[in-house]
Every structure is written in structure tokens, then in C-alpha cells.
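A.B. asks: One-letter residues, chain by chain:
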Amino acid sequence: MSGMRHEFRVTVGPVGFRIGSDWAGPLDAMRRLYSGYPAPGIPDFTVRLAAQRPWRRFIRPSVMIGGDFMLPDAAPMALAHGLLAAEMGMNLQMALGQRRHLLLHASAVERDGRALLMTGLSGAGKSTLSALLGERGWRFMGDEFALLDPESGLVHPFPRMVSLKNEAIGQFGGVVDPARLGPVMTGTPKGTIRHLRPPDDAIARMAEPAVPALLLFPRFGHDPAVREIGEAEIFVRLTQASTNYVALGETGFTALTRLIETVPCRALDYADTDTAVDMVETLWGELA
Amino acid sequence: MGREFVSASKVFHADEPGRRIVKRLPDGVTLIFHRPSGLTHILGSPAPELLEALGEGAADIDMLIERLSRDHDLGDAGEARAALAARLAELETAGLVWRV
Numbered sequence: 001m002s003g004m005r006h007e008f009r010v011t012v013g014p015v016g017f018r019i020g021s022d023w024a025g026p027l028d029a030m031r032r033l034y035s036g037y038p039a040p041g042i043p044d045f046t047v048r049l050a051a052q053r054p055w056r057r058f059i060r061p062s063v064m065i066g067g068d069f070m071l072p073d074a075a076p077m078a079l080a081h082g083l084l085a086a087e088m089g090m091n092l093q094m095a096l097g098q099r100r101h102l103l104l105h106a107s108a109v110e111r112d113g114r115a116l117l118m119t120g121l122s123g124a125g126k127s128t129l130s131a132l133l134g135e136r137g138w139r140f141m142g143d144e145f146a147l148l149d150p151e152s153g154l155v156h157p158f159p160r161m162v163s164l165k166n167e168a169i170g171q172f173g174g175v176v177d178p179a180r181l182g183p184v185m186t187g188t189p190k191g192t193i194r195h196l197r198p199p200d201d202a203i204a205r206m207a208e209p210a211v212p213a214l215l216l217f218p219r220f221g222h223d224p225a226v227r228e229i230g231e232a233e234i235f236v237r238l239t240q241a242s243t244n245y246v247a248l249g250e251t252g253f254t255a256l257t258r259l260i261e262t263v264p265c266r267a268l269d270y271a272d273t274d275t276a277v278d279m280v281e282t283l284w285g286e287l288a
Numbered sequence: 001m002g003r004e005f006v007s008a009s010k011v012f013h014a015d016e017p018g019r020r021i022v023k024r025l026p027d028g029v030t031l032i033f034h035r036p037s038g039l040t041h042i043l044g045s046p047a048p049e050l051l052e053a054l055g056e057g058a059a060d061i062d063m064l065i066e067r068l069s070r071d072h073d074l075g076d077a078g079e080a081r082a083a084l085a086a087r088l089a090e091l092e093t094a095g096l097v098w099r100v
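Protein chains in written order, with my numbering: chain A, 1 to 288; chain B, 1 to 100.
Only chain A is shown next, with the shape it has when bound in the complex (with noise of 0.2 Å):
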């Protein structure tokens, strides 16, 4: 960490993680934004903010991302998208360096002990998903990785801030705490981002796993359908949607293959967010 003039300390869920920053600003509405979070004692990952050169901190600031693993393509970002770089940071090191769970790119909600997982592309409405969920009487777990035990079986939330993205943004707005959001970041690479704190049990709760019931793949812009997919696909779909799954070996062979023979699987497409809150109640009701 030599050379990190500001240093913030974080857990989510299982994982602790150090955040070092050439500059104060993105750390202080991180400190803002994950306040009553634990702070982990010995962190399991390290991301670094760094000035892209030195003297670029004080004439045109711009943040590079890196920790304990490095992408060699990470492009730098304007310091005021700061915020979002350590969120990719502490994704990208998530992405990189874990071992001890299955990591599968899903949100997850929780309801009576037994988690919801969804996962899809980017875009796909996933994570403004979960955030609604968590919103309206589930225990929001992630709107970004479901951490897969692969000894017991049970998904470990990762209550990261979640990241609303340009539609989404308006239909929290009014709706929580202004409190909870964080500052509109408009022009980042992913387009306009603000982020949103979880609710308050999802961070007491966040070391509270849960036995997975029910994986939906949700599709957003579609006309409302719900349709059953073969194992072998779900399959496929899965070791994609991990990014350790190679990593981890026969142990990601056996957590994969354990998920999809116990828990039932639907693609859901939706045009509003709304009608899939209530297609995932129905779908819950009648099959988790």
C-alpha cells in the first residue's frame, strides 16, 4: 500500500477489502455511503486508485485501478467517476482473485432463508431487479455477485452499493432515503451511474447466507413471457455467468452442477419493472 495517501476498509459479505486512493474524495463519499458497514481486520483484496501519473493529481486528475490483480486494459477514469472506479476495482478483484466461493455475476434477494438468485447479461435488469425486491419486503443479498459455497451449498450475499444505471436511477428517486444515494455521475463509461445503499437489514444481515430456491434469467424490453430452459443450457449460461468457474476446478464442477439439479430455473422477460416484480411473486409462489 506504499505510496496510497488515503486508505478506506470495508467488508461485504465474506469479503474484506482495502481501498487505497492518491486522493480523498472518492474514499469520503465511499466512507459516506458504506457507514456501518465493518471494517475487515485483515482484507482479502486491495484496490488501488492511482494517479495516472503523479503530477496528473494535480492538473487534470484521472484515476487508474488496480489492487492485488491487474487488468492491462483498464482505462484510466475522470477522478470525478471516482467513486465508480472503486466499485470496478473491488469488482475486478472480486473477479480475479476469489477462491473460496463459486462467484457466479447474479443479484440475489432472500426471503425465509431460501435466496432467489438472477442472473443475465448486462442490461438485463438484474440488478434494478433486486434493488425493487429489496425495496418491497425481500432481504436484498447483491445486485451484483451471489457467492456460491460449494461445501454447503448456500449462497453468501454480497451487499455492495448498488449500482443504478440511467433509466433505473428516476424510479428510486422519491422513493428511498436521499441519504442512501450517491452522487449522480454522468458521462462514465457505462453511461449514468448513481449508486444506492442497501437497506439497512440487507448490511446487518450481510454474513447471513441463504439455500438457493429459484434462478430466473431476466430479459428486460421484452413482452412478458416466462419459459422453461434445458439443464445442459442453464448450464452453459452459468459457467458463464461465474468468473472463477475454471479457476476453482472440480469444485466449481460440483457447486454448479449441485445448483442446477436442486433449484428450478426460468428465463423471464419483461417490459416493466413492475410486472416483474409481480411475474417473480408468482413465480416464487408456485415454484421455490
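Hints in this document: simulated from the structure, not taken from any laboratory. Be a bit skeptical, because a hint or two may be false.
[Claimed, not checked] Derived CB-CB ranges, DEER-like:
{"hint": "1", "chain 1": "B", "residue 1": "Leu74", "chain 2": "A", "residue 2": "Pro264", "range": "33 to 39 Å"}
{"hint": "2", "chain 1": "B", "residue 1": "Gly28", "chain 2": "A", "residue 2": "Ser152", "range": "28 to 34 Å"}
{"hint": "3", "chain 1": "A", "residue 1": "Asp272", "chain 2": "B", "residue 2": "Ile42", "range": "56 to 62 Å"}
{"hint": "4", "chain 1": "A", "residue 1": "Gln52", "chain 2": "B", "residue 2": "Ser37", "range": "48 to 54 Å"}
{"hint": "5", "chain 1": "A", "residue 1": "Leu121", "chain 2": "B", "residue 2": "Leu74", "range": "41 to 47 Å"}
{"hint": "6", "chain 1": "B", "residue 1": "Ile42", "chain 2": "A", "residue 2": "Ser122", "range": "41 to 47 Å"}
{"hint": "7", "chain 1": "A", "residue 1": "Ala271", "chain 2": "B", "residue 2": "Ser37", "range": "41 to 47 Å"}
{"hint": "8", "chain 1": "B", "residue 1": "Ala89", "chain 2": "A", "residue 2": "Leu121", "range": "42 to 48 Å"}
{"hint": "9", "chain 1": "B", "residue 1": "Trp98", "chain 2": "A", "residue 2": "Gly25", "range": "39 to 45 Å"}
Backbone N, C-alpha and C fix where the C-beta goes; we use that ideal spot for every residue, glycine too.
Chain A is already provided as a structure; the job is to place chain B on it using the hints.
C.D. replies: Here is chain B on its own, set in the frame of chain A:
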């Protein structure tokens, strides 16, 4: 051209069954995790059956047909032979079957 050797290259080998994990899914597809390579394979019939038959020991295609015929109705012998040869070639490409 001299005399014809009994070519070893007609004999197929596969890893012993303990070196792979086999999961047969309800939709008929079989997932195989190959321990030596760490690769996952998604196979349809008769590829998993061929691997199982080779689990009894290395064999040429006639021996494989004999082994498979114990549990399966292979129908027309010529067609079965051609189909099995094609599947064996695919399994070779996938690294699950080899000839020495």
C-alpha cells in the same frame, strides 16, 4: 508395400472412470468433468456410453460395438459403426479418447 502390421492406432484408450465426474442431466445431456485436464465437456449420446465402454479397457471399434450391444440395441451394424467412428473421432479431438 510390405506386410501389413496390426496397427495399434486402431485401438482406442480413455482414462479410467475415476478420472472423471459424470453428471447425466434430466434433458439427456451428460456433463463430464475431466480431472486430468480440468476441462468440462458437454456430451450427448452415444459419447458418454463410449467412454463408459472404454472404461473396461482399451478397445478397437469392433470390441466397442460388442460391449455396447450388451446394453443397447445398435440397429444396423454398418450405420452404428460409422456413427461410433465419428463420435470416437470427436472424443479424440476433445482429448477424452486417444490412440497410441
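A.B. asks: Looking back at the hints listed earlier, which ones does the structure fail to meet?
C.D. replies: 3, 4, 6, 8, 9
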